[in-house]
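All chains should be modelled from the sequences, with the hints used to inform the complete structure.
These protein sequence lines are chains W and R, in that order. Its first residue numbered 24, the first sequence is counted upward by one per residue in the numbering used here. Its first residue numbered 24, the second sequence is counted upward by one per residue in the numbering used here.
These are computed hints drawn from the structure, not numbers from a lab. Just so you know, even glycine gets a beta-carbon here, dropped at the ideal spot from N, CA and C. Worth double-checking, as some hints may not be accurate.
As the list claims (entries may be wrong) - Here are the in silico distance ranges between beta carbons for each label pair:
(1) R:R223 <-> W:D328: 29 to 37 Å
(2) W:T210 <-> R:A222: 58 to 66 Å
(3) R:G226 <-> W:A103: 55 to 63 Å
As a plain string of letters, each chain reads:
Protein chains: 2
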Amino acid sequence: MQPDAAPRPTLADVAARAGVSPSTASLAFSGSGPVSDATKERVLAAASELGYAGPDPRARSLRRGRSGIVGVVLEERVRAAFLDPVKIQMLDGISEGIAPLGAGLLLLTDTGEPGEHAVSIESAPVDAVVLIGCSPRLADSIEALRRRGIPAVAIEGETGEDIPEISIDNLQATRRGAEYLRQLGHTDVAIVTLPFDAARTRGPITEELLRSSTAATASQRLAGAREIFPEATGRVAGASSIEEGLEAARALLADPARRPTAVIAQSDLLAAGVIQAAEELGLQVPADLSVLGFDGIRVDGLQHDLTTLAQPSVAKGRAAGEAVVQMLSGEPPASRCFTSTLHVGDTTAAPRASAD
Amino acid sequence: MQPDAAPRPTLADVAARAGVSPSTASLAFSGSGPVSDATKERVLAAASELGYAGPDPRARSLRRGRSGIVGVVLEERVRAAFLDPVKIQMLDGISEGIAPLGAGLLLLTDTGEPGEHAVSIESAPVDAVVLIGCSPRLADSIEALRRRGIPAVAIEGETGEDIPEISIDNLQATRRGAEYLRQLGHTDVAIVTLPFDAARTRGPITEELLRSSTAATASQRLAGAREIFPEATGRVAGASSIEEGLEAARALLADPARRPTAVIAQSDLLAAGVIQAAEELGLQVPADLSVLGFDGIRVDGLQHDLTTLAQPSVAKGRAAGEAVVQMLSGEPPASRCFTSTLHVGDTTAAPRASAD
DNA sequence: CGTGCCGCTCGAATCGATTCGGCCTAGAAT
DNA sequence: ATTCTAGGCCGAATCGATTCGAGCGGCACG
Numbered sequence: 024m025q026p027d028a029a030p031r032p033t034l035a036d037v038a039a040r041a042g043v044s045p046s047t048a049s050l051a052f053s054g055s056g057p058v059s060d061a062t063k064e065r066v067l068a069a070a071s072e073l074g075y076a077g078p079d080p081r082a083r084s085l086r087r088g089r090s091g092i093v094g095v096v097l098e099e100r101v102r103a104a105f106l107d108p109v110k111i112q113m114l115d116g117i118s119e120g121i122a123p124l125g126a127g128l129l130l131l132t133d134t135g136e137p138g139e140h141a142v143s144i145e146s147a148p149v150d151a152v153v154l155i156g157c158s159p160r161l162a163d164s165i166e167a168l169r170r171r172g173i174p175a176v177a178i179e180g181e182t183g184e185d186i187p188e189i190s191i192d193n194l195q196a197t198r199r200g201a202e203y204l205r206q207l208g209h210t211d212v213a214i215v216t217l218p219f220d221a222a223r224t225r226g227p228i229t230e231e232l233l234r235s236s237t238a239a240t241a242s243q244r245l246a247g248a249r250e251i252f253p254e255a256t257g258r259v260a261g262a263s264s265i266e267e268g269l270e271a272a273r274a275l276l277a278d279p280a281r282r283p284t285a286v287i288a289q290s291d292l293l294a295a296g297v298i299q300a301a302e303e304l305g306l307q308v309p310a311d312l313s314v315l316g317f318d319g320i321r322v323d324g325l326q327h328d329l330t331t332l333a334q335p336s337v338a339k340g341r342a343a344g345e346a347v348v349q350m351l352s353g354e355p356p357a358s359r360c361f362t363s364t365l366h367v368g369d370t371t372a373a374p375r376a377s378a379d
Numbered sequence: 024m025q026p027d028a029a030p031r032p033t034l035a036d037v038a039a040r041a042g043v044s045p046s047t048a049s050l051a052f053s054g055s056g057p058v059s060d061a062t063k064e065r066v067l068a069a070a071s072e073l074g075y076a077g078p079d080p081r082a083r084s085l086r087r088g089r090s091g092i093v094g095v096v097l098e099e100r101v102r103a104a105f106l107d108p109v110k111i112q113m114l115d116g117i118s119e120g121i122a123p124l125g126a127g128l129l130l131l132t133d134t135g136e137p138g139e140h141a142v143s144i145e146s147a148p149v150d151a152v153v154l155i156g157c158s159p160r161l162a163d164s165i166e167a168l169r170r171r172g173i174p175a176v177a178i179e180g181e182t183g184e185d186i187p188e189i190s191i192d193n194l195q196a197t198r199r200g201a202e203y204l205r206q207l208g209h210t211d212v213a214i215v216t217l218p219f220d221a222a223r224t225r226g227p228i229t230e231e232l233l234r235s236s237t238a239a240t241a242s243q244r245l246a247g248a249r250e251i252f253p254e255a256t257g258r259v260a261g262a263s264s265i266e267e268g269l270e271a272a273r274a275l276l277a278d279p280a281r282r283p284t285a286v287i288a289q290s291d292l293l294a295a296g297v298i299q300a301a302e303e304l305g306l307q308v309p310a311d312l313s314v315l316g317f318d319g320i321r322v323d324g325l326q327h328d329l330t331t332l333a334q335p336s337v338a339k340g341r342a343a344g345e346a347v348v349q350m351l352s353g354e355p356p357a358s359r360c361f362t363s364t365l366h367v368g369d370t371t372a373a374p375r376a377s378a379d
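Right, dumping it as structure tokens:
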């Protein structure tokens, strides 16, 4: 009457078989503690006879107080996050940064619904957490992390807490890009922004939306553009994707009489969409329309060398990883702000009819 | 003299404060056990007063025997894996497949060096594991998983164990693609393969390398091609990337006298590299050279509609995730084999000088 | 030959929560 | 009024390993 009752051996079993105490067996395994070679060998032999696969990670992490896992919180579904090359690059950087820890990366998504989820941000066996593009709706989770004493680092997100932040010069960079457009002679510039709120509301840029903005990145980039083009308006996209950029640009470029001579897109994917929309309408880029992007990724299928504000995504991720390592070793980590560089490609030029 | 000694409250503390036993407090939190509303409320109040952030996941997973984490084993470094769109799609599918579990995804890499690593495949608090493109060098790890009783599913990998496999019709699909090339009139076909061994040896395809192959995918696709073109030879790439494809194709196409009229690449990224190499040499694709890929992804920067064998990557991942769910609920899971479809794009055509 | 020291091994406490059987009490039924 | 029942709550064992201080035996030195 033992259906599948094959209880896995425990360290105690191994110890018993080897004729030593559990404590000694434990030392023989993990510790570099004072154990004679003979004993260690005997323990290992007993273990292999019993088919013991090493200490249970769960028990070990309970006792040790560390799980060897670093959580990465993505605001979107995993599928959505992976569509964004910038996120991938950051993840890459993070994994590089935490390499000295030898820790695993646990992908967590902020679904907002802690209900069913066995493992949410609030209840995951992680030693530290990296928040990617976190928004205020994570406030509760962040509070829970703080109470648990789990160190956290935020990439491009306003936490309002004492969490170190890894960011870039969104405002200054965009201003630099806008400045470049002005120098080319553009005066009539439209903007396609990233979403401002958690609901990802699409549509025209309104002051109301701006005031209730919960997305620092979008707000800062917009502010930077407006330092050069105070009157500039445009549309809010629902996400960073070619599709969204296409849709926004169709609206912006629909009326030939009110067409801007340049578009500032807040991401390269959006910019690619804008270019697609322009080509649909028979406009030449950059002759009829200049397009400026942001990110510095290579966009799938895009046949232009996009003029863009290249940000060091991998370095950002790496810095976040390094901050995690620092915090785990007790040092207080510092926030860091990276600088983006203007890459001039072939999607910007002087406006055809210089109106200035 | 308490430097930072602020020991986090435990469930016992909360229970004491609420004037109930730890067991009751536990029920108040997680269980839907028989606890009066009044008591539950009192416990929750005590918890919030103490700043208790909920049960410790480590302790909970020890007791429960489940961690709510599913491991995903990538053969390469995280950075490398994410460069491959196929892997991303699979990951996406996996996360979809295990959604009912509400489990987190732990990224693990098979570095081969368990030494420093705090969390390796062998010692990670996971409830189940998905192996992506696992090779025989994982044998030890797989054995450890088996001993631990951790269910595993393999995608495109020969495990040699009783692990369910999710695969595609590599051989038949490639044969279909090769058949298509033959119908177009090609007789002189070269092949660019994925690596055959863990060392990722580059160079010409040799029978010796084939015999010692540890990569089923590469072997099967090659075999499929040779069912149509038995004499076909070519080069082994060091990875699935445009760069590797470029390098391999440069070697293949270097000598104008011995140029094939078509190249069968074992991945779309390799195919893109082949096309790039051809264009470097002033060859027209498909007029001078037909190129066949494998995967059906959209390749970054490629200006062709690649003729390729499209495989359902997301579905594969989802199937793997579903298999995990099944195994965790006790049902014996089944292996599954998906079918690839030939997508005819604009990179294949009849050879210019039909030599047949 | 005695003592001191060093290195290996062992016991027992601990990490924090979960779970199961038992007990107690209040309300209902007879 | 007494017994039966059932809902609530508690105690104690348990999950599996780690860790620290104590104990003990052997070797070297005086």
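_Holds or violated: the 55 to 63 Å window for the beta-carbon distance between R:G226 and W:A103?_
40 Å, violated
*asked:* Between the beta carbons of R:R223 and W:D328, is the distance compatible with 29 to 37 Å?
replied: 32 Å, holds
*Given the range 58 to 66 Å, decide if the beta-carbon distance of W:T210 to R:A222 lies inside it.*
About 60 Å separates the Cβ atoms of W:T210 and R:A222, which means 58 to 66 Å holds.
Hint violations for this structure: number 3 only, all remaining hints satisfied.
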